[in-house]
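Model the full assembly from the supplied sequences, consistent with the hints where possible.
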Amino acid sequence: MVLKPADLGTLVGSARVIVHGRVVSLRAQSSNRTRIETLVTLDATDYFKGDLGREVTFVVPGGTLGRYRTVVSGAPQLAEGDEVVLFLGTRGPALPYLIRLGEGVFRVQRDARTGQRIVSRHPVVAESSVWQRVGRGTPASPLSVNDFGAMVRRLAGAAR
Amino acid sequence: MNRRFLFVSVVALLLASLGGLSVDAYHLQFADIDGRRVFLRWMQPTVRYSINTRAVPGVTTAQLQSVMARAFERWQNVGTAAIGFQFSGVTSAAPLEFDGLNTIGFLDEPELEGLLGLTLTTFDTVTGEVVESDIFFNSAEPWSAAADGETDRFDLESVAVHEAGHFVGLDHSPLGFFEERDGDVRLAGAEAIMFPFAFDPGNIGLRALRADDVAGVSSIYPDGGFATATGAIEGRVTLGGAGLYGAHVLALNVSTGALVGGFSLTGNGDFRIGGLEPGRYVIRVEPIDDIGVDNFFQDPSIPVDVGFRPTFLDRFVSVTAGSTSGNVDVQVATQ
Chain A
3 MVLKPADLGT LVGSARVIVH GRVVSLRAQS SNRTRIETLV TLDATDYFKG
53 DLGREVTFVV PGGTLGRYRT VVSGAPQLAE GDEVVLFLGT RGPALPYLIR
103 LGEGVFRVQR DARTGQRIVS RHPVVAESSV WQRVGRGTPA SPLSVNDFGA
153 MVRRLAGAAR
Chain B
2 MNRRFLFVSV VALLLASLGG LSVDAYHLQF ADIDGRRVFL RWMQPTVRYS
52 INTRAVPGVT TAQLQSVMAR AFERWQNVGT AAIGFQFSGV TSAAPLEFDG
102 LNTIGFLDEP ELEGLLGLTL TTFDTVTGEV VESDIFFNSA EPWSAAADGE
152 TDRFDLESVA VHEAGHFVGL DHSPLGFFEE RDGDVRLAGA EAIMFPFAFD
202 PGNIGLRALR ADDVAGVSSI YPDGGFATAT GAIEGRVTLG GAGLYGAHVL
252 ALNVSTGALV GGFSLTGNGD FRIGGLEPGR YVIRVEPIDD IGVDNFFQDP
302 SIPVDVGFRP TFLDRFVSVT AGSTSGNVDV QVATQ
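Going down the list, the protein sequences come from chains A and B. Under the numbering used here, the first residue of the first sequence carries the number 3, and numbering increases by one thereafter. Under the numbering used here, the first residue of the second sequence carries the number 2, and numbering increases by one thereafter.
Read the hints as simulated data drawn from the structure, not as lab findings. Note that the Cβ used here is the ideal one computed from N, Cα and C, for glycine as well. Fair warning: there could be bad hints in the mix.
Chain B regions said to be covered by chain A (calculated; three or more residues, Cβ under 8 Å) [said to hold, decoys possible]:
| hint | segment |
| --- | --- |
| 1 | 174-181 |
| 2 | 195-205 |
| 3 | 278-290 |
Per label pair, the in silico range of CB-to-CB distance [claimed, not checked]:
| hint | chain 1 | residue 1 | chain 2 | residue 2 | range |
| --- | --- | --- | --- | --- | --- |
| 4 | B | T47 | A | T140 | 44 to 50 Å |
| 5 | A | S131 | B | A70 | 42 to 48 Å |
| 6 | A | E57 | B | T335 | 34 to 40 Å |
So, in structure tokens, the structure goes:
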């Protein structure tokens, strides 16, 4: 998979729905279009943009059927119980889909050292007036899911 | 000048020469099946592929065929790997159909905004053998097949070489970095074809394989004395004595500047970086906290740890041909 780089504001603008929740079920099915795809159902606990109800089912390319597995580099491998913030697109009557596949997934995990619920990725928020390098392992504290939600809501509000 | 000062100075110089690039490694496509780690690979020495007949503005079917031939040639020409590719003709079959053909072509995928290319690989979970792999390029984006690239169009060959890397069994490498400014993000540098982001339209700077890519394909299909001509580094990444999963480990050749790396891929924090030319190496460990971890890890069962500081090993590691330099343990600290 090759993507065009994008910051968080672009992701927020592209997504029709941004939802925080927990994966409750997965079901692989065959598809002429993508061979094997997986329907993922999320128990939604909070919406940062849009609303698709208490449960939302979306489609991810790849999965396992019988002894065959289709893998798509860049697509997430979600599992029951995973806590995530998802950036979803919608198109007519079709199932929602992930914006930019794995880049549309922010995993939420418990920080083993602080016990805080954090997102595992620092979103790139392009706000500098001059070109600046995006660093790795910056000394900033891990971003809590609540702070991330507030950031997303702010960007979604600014885009309206 | 004492040895420690010399080491720090050399590291600083190397990083300066890289523009501060955070370095990294090759990563193979794998799946954990019934307690076994299965790495994806083709079993036959030559893999056949078909080209879909569809053309798009800027790229004819013949040009797509030529671009893919060049893309596969780059992987086929690696002297320490034994894998070949053969064009088997054009087809009206669409990429992504499960039809026994390895099909490459353009598709309309408007819902995949921002995505330039994608490879779907289906494999047998018992043997690890790849049974089919298709590549598609998103026709919603502007493309160019021109030798020197074209302004405002994405370079098809750059994306084709990357997708061909997936086709042979490589996963993504985090070996690249971004720059941001006022609502815009761009790729500023990459040291692996398998970095999953593109340069701006018109840029053709990411067509040639890097050391990381060469090591990766050679580790899947070793040939030409790969095992005897190169060495490996093994060790652990730990935080407070506990192993870290998913730490990105980079080996930087002090003499050549070649970068090859990998990840700690067990709960014990174990890593192994193979395919290294003999020489002295700087080792750096860093968290991948700027790109979605789903770009790199197929197994979601273990959370990837990103809450630590980038850390250099405080010594050089010497690699000799045909051997493994073990017990390279890197202790990192929290941010």
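Evaluated hints:
1. 174-181: holds (count 4)
2. 195-205: holds (count 3)
3. 278-290: holds (count 4)
4. B/T47 <-> A/T140: 44 to 50 Å: Given a distance of about 46 Å, which is inside 44 to 50 Å, the answer is holds.
5. A/S131 <-> B/A70: 42 to 48 Å: Between A/S131 and B/A70, where Cβ atoms are some 45 Å apart, the hint holds.
6. A/E57 <-> B/T335: 34 to 40 Å: 37 Å, holds
Consistency note: the structure conflicts with none of the earlier hints.
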